[in-house]
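Student: So the sequence shown is numbered by the numbering used here: it starts at 1 and just counts up by one.
It is worth saying that the hints were derived from the structure and are not from the lab.
Careful, some of the hints might be misleading.
Now the in silico label distances, taken between C-beta atoms and shown as ranges [to be verified]:
| # | residue 1 | residue 2 | range |
| --- | --- | --- | --- |
| 1 | A118 | I142 | 32 to 40 Å |
| 2 | E97 | K60 | 17 to 25 Å |
| 3 | P77 | Y24 | 27 to 35 Å |
| 4 | T19 | T68 | 35 to 43 Å |
| 5 | L15 | E97 | 48 to 56 Å |
| 6 | K60 | G18 | 23 to 31 Å |
| 7 | K60 | R7 | 38 to 46 Å |
| 8 | L129 | G101 | 40 to 48 Å |
| 9 | L129 | R7 | 17 to 25 Å |
| 10 | A42 | I79 | 16 to 24 Å |
Cut-off 20 Å, straight-line C-alpha distance, at most; resulting in silico cross-link-like pairs (SDA-like, lysine to any residue) [what the hints assert, rightly or not]:
| # | residue 1 | residue 2 |
| --- | --- | --- |
| 11 | K56 | Y38 |
| 12 | K56 | A112 |
| 13 | K56 | P107 |
| 14 | K60 | A118 |
| 15 | K56 | E109 |
| 16 | K56 | E70 |
| 17 | K60 | S44 |
| 18 | K60 | V113 |
| 19 | K56 | S114 |
| 20 | K56 | A118 |
| 21 | K60 | S86 |
| 22 | K60 | L88 |
| 23 | K56 | C99 |
| 24 | K56 | E97 |
| 25 | K56 | V98 |
| 26 | K60 | T89 |
| 27 | K56 | Q76 |
| 28 | K60 | L84 |
| 29 | K60 | L46 |
The beta carbon of each residue, even a glycine, is placed where N, CA and C say it ideally should be.
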Amino acid sequence: MNSRFLRNGLVTLVLVVGTAALLYTFLFQGNAMPPIPYSGVAGSFLTLVEEGQVSKVVVKGDRLQITTTEVGENGQPVIVSSQLPSPLTDVSQVITEVCAGPGAQCPAEGIAVSPMPADEGGAWIGLLLTAFLPILLIGFFIFFMFRQAQGTNNQAMSFGKSKARMFLGNK
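Could you build the full structure based on these sequences and the hints that come with them?
Tutor: Structure, rendered in structure tokens:
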């Protein structure tokens, strides 16, 4: 009974940890910043730069974290995000070209561009889930198959032996 309780508890623990890891990976990997398009439409990153509404840009891999001059409800500057069209895009050069264009209202002090390393927070959990979890599940499946096969008291190798008993009618 104790062994069965321990086994069921272990399976339940693995299922709970796996579910929690999946939820963490899919629900908490994004940021709370609203995304905006990079170019092409009103309200895009390049349009905000041209209108002088950008004060700071942080480049994290192929993501842009844009601090605008607009103040939000909490008195803090509004921060939005955008996706670079190519990881090779030089954001400083693009901002300089946009500000040099006709009708650009860029700030006189310029726009601060800060490169930062890309976030790799969910990479390890994703790797563990995609590589380690299937191996673990296959291992548990094989373990339980062997346990079930062992439950027949090893009768597989004794199929030729007779289990006949003598029947005495007077007893």
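Student: For each hint, tell me whether it holds in the structure or not.
Tutor: Hint by hint, here is what the structure shows:
| no. | hint | in the structure |
| --- | --- | --- |
| 1 | A118 - I142: 32 to 40 Å | 39 Å, holds |
| 2 | E97 - K60: 17 to 25 Å | 22 Å, holds |
| 3 | P77 - Y24: 27 to 35 Å | 29 Å, holds |
| 4 | T19 - T68: 35 to 43 Å | 38 Å, holds |
| 5 | L15 - E97: 48 to 56 Å | 54 Å, holds |
| 6 | K60 - G18: 23 to 31 Å | 29 Å, holds |
| 7 | K60 - R7: 38 to 46 Å | 45 Å, holds |
| 8 | L129 - G101: 40 to 48 Å | 46 Å, holds |
| 9 | L129 - R7: 17 to 25 Å | 23 Å, holds |
| 10 | A42 - I79: 16 to 24 Å | 19 Å, holds |
| 11 | K56 - Y38 | 15 Å, holds |
| 12 | K56 - A112 | 5 Å, holds |
| 13 | K56 - P107 | 11 Å, holds |
| 14 | K60 - A118 | 5 Å, holds |
| 15 | K56 - E109 | 11 Å, holds |
| 16 | K56 - E70 | 12 Å, holds |
| 17 | K60 - S44 | 18 Å, holds |
| 18 | K60 - V113 | 11 Å, holds |
| 19 | K56 - S114 | 8 Å, holds |
| 20 | K56 - A118 | 17 Å, holds |
| 21 | K60 - S86 | 13 Å, holds |
| 22 | K60 - L88 | 12 Å, holds |
| 23 | K56 - C99 | 14 Å, holds |
| 24 | K56 - E97 | 16 Å, holds |
| 25 | K56 - V98 | 15 Å, holds |
| 26 | K60 - T89 | 12 Å, holds |
| 27 | K56 - Q76 | 13 Å, holds |
| 28 | K60 - L84 | 10 Å, holds |
| 29 | K60 - L46 | 17 Å, holds |
The structure is consistent with each of the numbered hints, conforming to all of them.
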